[in-house]
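Chemist: According to the numbering used here, the stretch in the sequence shown is residues 709 to 1257, in order.
Possibly wrong hints are sitting among the right ones.
[What the hints assert, rightly or not] Keeping only pairs whose Cα atoms sit at most 25 angstroms apart, straight-line, the calculated SDA-like set for lysine to any residue is:
no., residue 1, residue 2
1, Lys1115, Ile1210
2, Lys1189, Asn736
3, Lys848, Glu817
4, Lys1187, Ser951
5, Lys767, Ala849
6, Lys1027, Asp820
7, Lys1214, Pro1053
8, Lys1077, Glu1244
9, Lys970, Phe937
Source of the hints: derived by calculation from the structure; they are not laboratory data.
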Amino acid sequence: MLKKLSSFPGVEGPVVTIVLDGFGYTPNHEGNAIYHAYTPTLDRLFAHYPNTLLKAHGKFVGMPSNEDMGNSEVGHNAIGAGQVYNQGASLVSDDIATGALYAAQAWREIIDNVTGHASTLHFLGLFSDGNVHSHIDHLKAMIVRAKQEHVKRVRIHILLDGRDVPETSALEYVEPFEAFLDPLREPGFDVRIASGGGRMNITMDRYEANWGMVGKGWKTHVLGDGPHFPSAAAAIRATRGESPNVIIDQDLPPFVIVENGKPVGPILDHDSVIFFNFRGDRGIEISRAFEEADFQPFDRVRHPNVIYAGMLQYDGDLKIPKRFLVVPPKIRDTMGEYLADAGIPQLAISETQKYGHVTYFWNGNRSGKFDDKLETYIEIPSDIIPFEQRPWMKSAEITDELIRQLKTGKYRALRVNYANGDMVGHTGNYQATISAVEAVDLALSRLLPVIDALKGVAIITADHGNADEMYEINAKTGKPKLKADGEFSAKTSHTLNPVPCIFHSKLLQDSISLAELGQPGLSNLAATVVNLLGFEAPLMWDEGLLRFK
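All chains, please: the whole structure from these sequences, using the hints.
Modeler: Shown next, in the form of structure tokens:
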């Protein structure tokens, strides 16, 4: 139960947490779409309102090391939880290192099935070392272990990244991986890549934004139905295109590897399948396609009887998938739960692409609400179109609805995510990302006066960086890297930069000051929100960012 704060009665109006997805901060201006965008609202906020920087990467959000980027999943987990939990990347690495993964019941069922039926073990997942959704080292370790446990045939279905790693780096993963497989191959152990495609083209949809992606993935991986190539490298080279019409990895079309005209690895009855992504949002739909008997979103044509497992359980409430290799973090005592328990009405809103982040991830990987009467979740449907072609996305519609909801006076705690900086930033299109940033700035210019009129406060922050570094930077020179055609090499991944945190209120500037916390992070935001509402933060949370005079 939240206790009243003795030093501050709470703001009269609403407390609105505004997450500008993908807005990091760096003093470097090269390729910085945020710096080069026209942002009069943000410029005014930085100049006239209390602000600080928050850590949003590495161990500050539960990743294995401070060399690891933050991401939207762990960022919203940290904001909503008020404390840092070890996340999927850390948990999987630890379980592989200790052998706990191989002792788990799920692994034993996967292996016993294929050895008992002399069938195939399939691995499906994001094929990179971005460490946001997956890590290729986890895949390698499981392949080696499978051979040790007398599995005879392994097939790998690769989803090419180019989003959490450089945009056209697929061959830098495929070719060394083939070299890794070569010494493992011998009579009695047959291992090879069987299919693939870009992660934003097939399989890895989320929040049911585009089931057609998952349908294409099913057709490719399970049915072995797609354009034929002798190898993954050949497929990438053939479909990449040439400048200026190069297709980046995340958008590459599906491909199927064949030998003597036949697919080398369709998924059949009695096979085992491991989806080796540890992050949940883009693993739920393909898991449903494998597990649901009465599945409806697309025609599976055939539904093989397989033993299926996720790397983690991606939705603990809905039990998706039923079988998983590593126990996910048990995130408890979240802000949403405490506010519901205190009777505080809450609103969460975003467009489809980030809707799950202000609901599921914010609430500690929980699908449902804590209190149906006190909580309202609003999803603005995202456009199904390449984000660089409509960089404003749904910022206007989100703002329209949020303003309407604010004016009802019903809600005391509200949260919103503007997806533009991240989703457009991932495309690598610099000019489009500038437009995305400007669209969000315009949304803020409309939203903040409403919060002022209601005597509220806005906390403007972000979950990680992205739009702040749109070019790959040469570490020695500090200058953007150049491609062979003389163009700058686009950076499509998140950054290691901190994120801003601005406190906007016409009424509070003389009564608050920033706390001196050393290296504050996203996990300090939950305590800040409840403090502004007039409550003490629970003892297990990281302390708030403000001091009240």
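Chemist: With reference to the structure, classify each hint as holding or not holding.
Modeler: Hint-by-hint comparison with the structure:
no.	hint	verdict
1	Lys1115 - Ile1210	holds (23 angstroms)
2	Lys1189 - Asn736	holds (15 angstroms)
3	Lys848 - Glu817	holds (20 angstroms)
4	Lys1187 - Ser951	holds (22 angstroms)
5	Lys767 - Ala849	holds (23 angstroms)
6	Lys1027 - Asp820	holds (23 angstroms)
7	Lys1214 - Pro1053	holds (23 angstroms)
8	Lys1077 - Glu1244	holds (23 angstroms)
9	Lys970 - Phe937	holds (10 angstroms)
Hint check: no violations occur; every hint is consistent with the structure.
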